[in-house]
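Enquirer: Here's the letter readout for the chains.
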Amino acid sequence: MARLIRVYEKKRGHRCTGTGKLGSAGEMLFFGGVFLIGCAGLVVTFAQVVIPEWRVNHEFIANTCRLLDARVGQLAAEDGVRYRPELQIEYQLKDRVYRTWTYDIRGAYYPGREEVEAILERFEVDPVNPREYPCWYDPADPSVAVLVRGYTWWYWLLFAVPVSFVLIGGGGLLYGAARWGRSAERVAAWTGRAARLDLFQSGKNGDGEYPATPPVENVTNSPGTRLKYRLPILASPGWPLFTLALACVVCNVVVAVLAGIAVQGHLSGDPDWLSTLFVIPFGGAGLVLVAFFLRQVARVTAVPPTLLEVSDHPLFAGGRYRLFLSQPGKLEVRSLAVLLVCEEEARYREGTQRRTEVRRVHEEEVFRREKLTIKRGATFETVCDLVLPSAVMHSFQAPNNEVRWGLLVRGRLQGRADFQRAFAIVVYPAVERPAV
Amino acid sequence: MTPPTVEIRFTGNGRSYRPGETLTGDYTLSGVKPAEIKALEVSVLWQTEGKGDEDMAVHFFERRPPDGDGPAAVRPGGRFSVQLPPSPLSYQGLIVKIRWCARVRIFLNRGREVVGELPFRLGDVPPAHPATP
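The listed protein sequences correspond, in order, to chains S and P.
Note that our numbering has the first sequence beginning at 19, numbered continuously upward.
Note that our numbering has the second sequence beginning at 54, numbered continuously upward.
Read the hints as simulated data drawn from the structure, not as lab findings.
Be a bit skeptical, because a hint or two may be false.
[Claimed, not checked] Partial selection, computed: residues in chain P whose CB lies under 7 Å from chain S:
1) Ala88
2) Ala92
3) Ser96
4) Thr101
5) Gly105
6) Leu137
7) Pro141
8) Leu142
9) Val149
10) Arg158
11) Leu161
12) Pro179
13) Pro180
14) Ala181
[Claimed, not checked] Straight-line distance between alpha carbons at most 27 Å, and here's what the computed BS3-like set of lysine-lysine pairs gives:
15) Lys348/S - Lys389/S
16) Lys39/S - Lys91/P
17) Lys393/S - Lys348/S
18) Lys39/S - Lys86/P
Every residue gets a Cβ at the ideal spot worked out from N, C-alpha and C, and that includes glycine.
Whenever a hint applies, use it, and build me the whole structure from the sequences.
Expert: This is the structure:
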């Protein structure tokens, strides 16, 4: 018998079958709970922090009191003992004398005893002839009085916690309410309109002239020296090298500290063989990292930067363009080639993992030169044609799927590791357009 | 009693369109009384299929409320017309596929929904094959 209601049946990642409304209700329940917790937190924080301090500064009445005694109040907390200043005062209202231990309205405890003692030193306790100090008492309950007024601004940081709960919960509730009972098409139309209103979108891509295509500004904002645009290189080696260097430094500093402790133990005649044995493999790993880093640096700096320029951009399927390639020396090149490539990229969730799969669907050599010697200080330069096929998919970009065009400069070197550099281009669908 | 269905037809029985061309079609509802219909949505959209998680974007969307006498009111049948965009073109890739369709969704009383869909091709990009270096 078929089930009347599918609560939740997971197929893969975000693809689910089942009851959308039940899922939305669950989401809204969750965000509603978060919102309510935030609201309750706001109310409590407001009542505990804002209102008492505001009343002290606006409603409490000024008076004078006699200081009788002073002490450091203590509270045993989970993370140790906490302290607060406590001063015994005596003040008279009409015919009644009030005596109380007080300081400020918060009655907050401090982590350091010295801080509290510094506060108490500002007050002079004289048991024989008590000194007079200004105080402020609560007209609603005259037995409540304080010796200091003002606002504790850092205390207001406490609001960050309930406010973040209110924002997250409220945002989730609004989003859920906006989607509630609405079809996927209606939500998509709504989000599409919102994306078009995005002030940061230049309008030259995405949902502008050519919807679902990648932005072209990264290319067109860099003018070329020979041709119109200089193509940006993809996957610059700078960040991977920096990350590797950081890993090298951290690993070797830790090893150096541990090795220092172990050596000190040996020198003082009290060797710790366990820590010594522990340091040896880590020291080896540190050295391997250093060697790998130096090898990568040598590999990156061995081939000077490659420059690739194009006569127009964005490119159109079926269009003919000019390419300018510049490769400085010194290099002994077995072959140097420029390839036009197109790859599909699909991103998906598998369980909790985010996975990416790339498949190349087009690869075409647009330039090739065999056996080339580029001397130190010299630069190999060439201009070649770039003809894009007409019956191909254009560049496409969506959150989870992409069709990506690019140019690869691939060099096979004599006696050294080969190199490959990738440059991004954007290809639009074929149109009736004069060749450049 | 026949179950409620939506049938969509493109004018001229065309299933392949060029970017910028106007897609015109009509839909007919059957097995449903006009009084049962709460609202109707007509949309022209693309969505991805294949290995990646699904992406979707709506190029044309119109919601027709049940009451009112205007052209947007719900009727047992209706027409729609929309100029198609220059991209993204329909594509049969290896792991990325882009599929265009016209979709009519009827909201009936008691929370029931009926969806009719008719795919079409935008552009004439041939299917992709693995690259041979």
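Enquirer: None of the hints should be skipped; say for each whether it holds.
Expert: Okay, the hints, checked on the actual structure:
1. Ala88: 20 Å, violated
2. Ala92: 10 Å, violated
3. Ser96: Constraint on Ser96/P satisfied, holds at 4 Å.
4. Thr101: Because about 5 Å separates Thr101/P from the closest Cβ in chain S, which is inside the 7 Å limit, the hint holds.
5. Gly105: 3 Å, holds
6. Leu137: 11 Å, violated
7. Pro141: The hint holds - Pro141/P has a Cβ within 7 Å of chain S, the shortest such distance being about 4 Å.
8. Leu142: 6 Å, holds
9. Val149: Where the cut-off is 7 Å and the nearest Cβ of chain S is about 4 Å from Val149/P, the hint holds.
10. Arg158: The hint holds - Arg158/P has a Cβ within 7 Å of chain S, the shortest such distance being about 5 Å.
11. Leu161: Cβ of Leu161/P sits 13 Å from chain S, so the hint is violated.
12. Pro179: 5 Å, holds
13. Pro180: Status violated, d = 10 Å.
14. Ala181: With Cβ-Cβ at 4 Å, under 7 Å, it holds.
15. Lys348/S - Lys389/S: Holds - the C-alpha atoms of Lys389/S and Lys348/S are around 14 Å apart, at most 27 Å.
16. Lys39/S - Lys91/P: 18 Å, holds
17. Lys393/S - Lys348/S: 5 Å, holds
18. Lys39/S - Lys86/P: 25 Å, holds
Violation of the numbered hints given earlier is confined to hints 1, 2, 6, 11 and 13; the remaining hints are satisfied by the structure.
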